[in-house]
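Go by the hints and put chain B onto chain A.
First to last, the protein sequences are chains A and B. Residue numbers for the first sequence follow our numbering, so the first one is 560 and each next one is one higher. Residue numbers for the second sequence follow our numbering, so the first one is 560 and each next one is one higher.
Honestly, I wouldn't trust all of these hints.
In this list, chains with the same sequence are indistinguishable; a pair is considered to hold if it fits within one copy or across any two.
As the list claims (entries may be wrong) - List of simulated lysine to aspartate or glutamate pairs, EDC-like, C-alpha gap at most 20 angstroms:
1) 606 x 589
2) 563 x 599
3) 606 x 675
4) 563 x 885
Please keep in mind that the hints were generated in silico from the structure rather than gathered at the bench.
Number of protein chains: 2
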Amino acid sequence: MDTKTVRIGLVGFGTVGSGVARILQENGRDIADQTGIRLELACVVDKDITTPRVVSLAPGVLTDDLQRLLDDKSIDIVIELVGGTTFARDLVLKILGAGKHVVTANKALLAEHGGEMYRAALAVGRCIAFEASCCGGIPIVSALRTGLAANDISGLYGIFNGTCNYILSEMTGSGAAFDDVLKAAQQKGFAEADPTLDIDGTDTAHKLAILAALAFGCRVEMEDISIEGIQNVQIEDIRYAREMGYVLKLLAVGEKDADGRVSLRVHPSFLSQGTPLADVGGPFNAVSVFGNAVGNVMFYGRGAGMMATASAVVADIIDIALGTSERLFERMPMVTERRKPANFKKIGDIQSRFYIRIMAKDQPGVFARYGRILGKHSISISGAMQHEGAGPENTVPVIITTHPTRQKNMTAALKELQSPDILLGTPVCIHILDIPEDKE
Amino acid sequence: MDTKTVRIGLVGFGTVGSGVARILQENGRDIADQTGIRLELACVVDKDITTPRVVSLAPGVLTDDLQRLLDDKSIDIVIELVGGTTFARDLVLKILGAGKHVVTANKALLAEHGGEMYRAALAVGRCIAFEASCCGGIPIVSALRTGLAANDISGLYGIFNGTCNYILSEMTGSGAAFDDVLKAAQQKGFAEADPTLDIDGTDTAHKLAILAALAFGCRVEMEDISIEGIQNVQIEDIRYAREMGYVLKLLAVGEKDADGRVSLRVHPSFLSQGTPLADVGGPFNAVSVFGNAVGNVMFYGRGAGMMATASAVVADIIDIALGTSERLFERMPMVTERRKPANFKKIGDIQSRFYIRIMAKDQPGVFARYGRILGKHSISISGAMQHEGAGPENTVPVIITTHPTRQKNMTAALKELQSPDILLGTPVCIHILDIPEDKE
Numbered sequence: 560m561d562t563k564t565v566r567i568g569l570v571g572f573g574t575v576g577s578g579v580a581r582i583l584q585e586n587g588r589d590i591a592d593q594t595g596i597r598l599e600l601a602c603v604v605d606k607d608i609t610t611p612r613v614v615s616l617a618p619g620v621l622t623d624d625l626q627r628l629l630d631d632k633s634i635d636i637v638i639e640l641v642g643g644t645t646f647a648r649d650l651v652l653k654i655l656g657a658g659k660h661v662v663t664a665n666k667a668l669l670a671e672h673g674g675e676m677y678r679a680a681l682a683v684g685r686c687i688a689f690e691a692s693c694c695g696g697i698p699i700v701s702a703l704r705t706g707l708a709a710n711d712i713s714g715l716y717g718i719f720n721g722t723c724n725y726i727l728s729e730m731t732g733s734g735a736a737f738d739d740v741l742k743a744a745q746q747k748g749f750a751e752a753d754p755t756l757d758i759d760g761t762d763t764a765h766k767l768a769i770l771a772a773l774a775f776g777c778r779v780e781m782e783d784i785s786i787e788g789i790q791n792v793q794i795e796d797i798r799y800a801r802e803m804g805y806v807l808k809l810l811a812v813g814e815k816d817a818d819g820r821v822s823l824r825v826h827p828s829f830l831s832q833g834t835p836l837a838d839v840g841g842p843f844n845a846v847s848v849f850g851n852a853v854g855n856v857m858f859y860g861r862g863a864g865m866m867a868t869a870s871a872v873v874a875d876i877i878d879i880a881l882g883t884s885e886r887l888f889e890r891m892p893m894v895t896e897r898r899k900p901a902n903f904k905k906i907g908d909i910q911s912r913f914y915i916r917i918m919a920k921d922q923p924g925v926f927a928r929y930g931r932i933l934g935k936h937s938i939s940i941s942g943a944m945q946h947e948g949a950g951p952e953n954t955v956p957v958i959i960t961t962h963p964t965r966q967k968n969m970t971a972a973l974k975e976l977q978s979p980d981i982l983l984g985t986p987v988c989i990h991i992l993d994i995p996e997d998k999e
Numbered sequence: 560m561d562t563k564t565v566r567i568g569l570v571g572f573g574t575v576g577s578g579v580a581r582i583l584q585e586n587g588r589d590i591a592d593q594t595g596i597r598l599e600l601a602c603v604v605d606k607d608i609t610t611p612r613v614v615s616l617a618p619g620v621l622t623d624d625l626q627r628l629l630d631d632k633s634i635d636i637v638i639e640l641v642g643g644t645t646f647a648r649d650l651v652l653k654i655l656g657a658g659k660h661v662v663t664a665n666k667a668l669l670a671e672h673g674g675e676m677y678r679a680a681l682a683v684g685r686c687i688a689f690e691a692s693c694c695g696g697i698p699i700v701s702a703l704r705t706g707l708a709a710n711d712i713s714g715l716y717g718i719f720n721g722t723c724n725y726i727l728s729e730m731t732g733s734g735a736a737f738d739d740v741l742k743a744a745q746q747k748g749f750a751e752a753d754p755t756l757d758i759d760g761t762d763t764a765h766k767l768a769i770l771a772a773l774a775f776g777c778r779v780e781m782e783d784i785s786i787e788g789i790q791n792v793q794i795e796d797i798r799y800a801r802e803m804g805y806v807l808k809l810l811a812v813g814e815k816d817a818d819g820r821v822s823l824r825v826h827p828s829f830l831s832q833g834t835p836l837a838d839v840g841g842p843f844n845a846v847s848v849f850g851n852a853v854g855n856v857m858f859y860g861r862g863a864g865m866m867a868t869a870s871a872v873v874a875d876i877i878d879i880a881l882g883t884s885e886r887l888f889e890r891m892p893m894v895t896e897r898r899k900p901a902n903f904k905k906i907g908d909i910q911s912r913f914y915i916r917i918m919a920k921d922q923p924g925v926f927a928r929y930g931r932i933l934g935k936h937s938i939s940i941s942g943a944m945q946h947e948g949a950g951p952e953n954t955v956p957v958i959i960t961t962h963p964t965r966q967k968n969m970t971a972a973l974k975e976l977q978s979p980d981i982l983l984g985t986p987v988c989i990h991i992l993d994i995p996e997d998k999e
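Same shape as in the complex, but just chain A:
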């Protein structure tokens, strides 16, 4: 039983980078026992080479000279952990240019410049591994690539952004408004100083682009995904829907219908209380996959954080060192040019149930008007709720839930509803998602 030593480079010695160094120090011997690969952190590049980190490196390993890393022929794999998409893009191209494999956790980079990166990797016969880019330490990329490869996948539902899930969980638990919860989350370190990419759904969409490509075997560009964030979520709607048995989550949804048409979207979604994804709280992530053989499989874990992300980075290094990643890379749907483009369904064509809140004028005949307008657009009401007590300008909140209907029907109905003589302001409209049940 030979043990092979693999020399690793790392660029970006921040939180996750320190986590990787710590894993290699603390668990390196067990990893070598289990895989036959001794991982040696040979060179760490960061512009800051003086601030002490939670781990200390062997003398001479830390440097601010990227070229030293690129020139070191003994280093075969480089971990990119610098973040952003500008310097990171150049960096990855340089690493590949130096003939080294790349491990990255940078979903924004892959979602925005993936095509260019993958072509560059193919050109030099190297691979890019990105388990850490989606759902922290959950081995979901590996599961879709091989563990579930026997399956034709019809559905992928996920909670991919810990910040949003934390905010929505806190709003649900405390009844506080979005802005207040966001502020508290920032103070606790659960939200970034600039949380835009998290709360507007972009980060969730970046991850959906990667996982949907793997699940449905197609290339996915950001414009193929319909995105709606949580920035406009109002606490009233969380409260009303809760009375009706629903919990609000920012969900990534990928579905393939019987005709092979793929629908990809990110939006706030009401899920039935007590269903597995509805119960995922706080900063956790979860992915629920439906395969034609395996049925429903769900994965749950920490979506981010120093050590969870580092765990996935090290898993990627092991897969590269074993040769698995290299062998599968050129066939990954986002990499190969051979896959025919997917047939994406327009968002207007998807079927969904909806939750609508209308600030209704409290006068005779108003409810009947709503019913007529919805009926005209073939929308069938599944539930309705009106609490007694007045809102502003003699209005009352009316909640209506619908049976499944096409989104474009709902859009048309909402436009027609928007008449100042029967309601105040704009109706609130949120998807209700019935995740298929896996029954005998």
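Okay, now just chain B, sitting in the frame of chain A:
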């Protein structure tokens, strides 16, 4: 991008075997696209070659002549799906003797004859793959082997037996007694005609032996696992504990303490309502893993069934065809002779909370006697409940829950409690399991 053809043999053309054939027919092209491996089912051996199955094979593929399969040098991988441990043992040795890799879903075979099988495989440089032996289609073997390889694992908690989970879920839901629910489960096909190995915990222990070896990096024999089944579970206890916020599950528990001592056990366990494993209902399986880097990761899915198991079998074939399994096989903790034996903790030494039900004589001073006896054995009461209303022979059920204590203290206390002047019959004692929470 070359596509390599791998010729597969299959012995045992029953439910799961038919599922494998169906996956290769329906999803074979996608599998080839994604992995570069065209899987060809070249020879299927079964003693029944006439009964029609849900899939039809190409002419000449089905045979009752095992020797034909063994002699076919073009077949590199053979799937063993015959079940049992006698014929299956001989069969696996023959397949290995013919120089072929083995894929099996047979956990009983591995738990009882694993050592012999693994040595035989090592001797001929072939491997045995067994993703399908644990938790159906959930890729948990692969996750422990590589996806979570960066982690030092401290805890593994699982619901591994769909029959038991179905029975306990039904008892909880309907309030019916064990025997009635078992009978109904047999009629619905959720329990075998002879369900002994399921309900007595043996099947769960077989799977724990495999997964604990991978998680904790040690060999595990069946005698290292303390096993208690669900055959004596009474509906009253499910009902009383539910009032106190607990749900009953048959749980496999693997824990490693700070000193590296490993405790392995299978027993009915009360879990707090609303925690992830407590919510796993019906015939589903789940595995919750705690790693020092990744924190808590949970996997959930169908634990058995034709297609879910077949999904895992095909995943194993892919891993062998890619070379991953072969490369890692000789280092697997159950295979290598190099790992030092684990330091197992005796069941008496584990710490646990307990639920006790005593049919108490309804007379003054009795409760104080219980308290004194428990206190004498250093057992601290965490909760108590006594409903009004009489049981048989002027008794009332008294429920006591305890703080963590050593199991041997509880055993000693139970012995002393067993005094006919203060209670009727034998106290019921069930573990309460507080699965660690993964918090920031």
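Outcome of the hint check:
1. 606 x 589: neither (31 angstroms within a copy, 45 angstroms between copies)
2. 563 x 599: Result: close within a single copy only, 10 angstroms intra versus 33 angstroms inter.
3. 606 x 675: Neither way: residue 606 and residue 675 sit 26 angstroms apart in one copy and 55 angstroms across, limit 20 angstroms.
4. 563 x 885: Classified as both: same-chain Cα gap 17 angstroms, cross-chain 16 angstroms, threshold 20 angstroms.
Hints 1 and 3, counting from the list given before, are not met by this structure.
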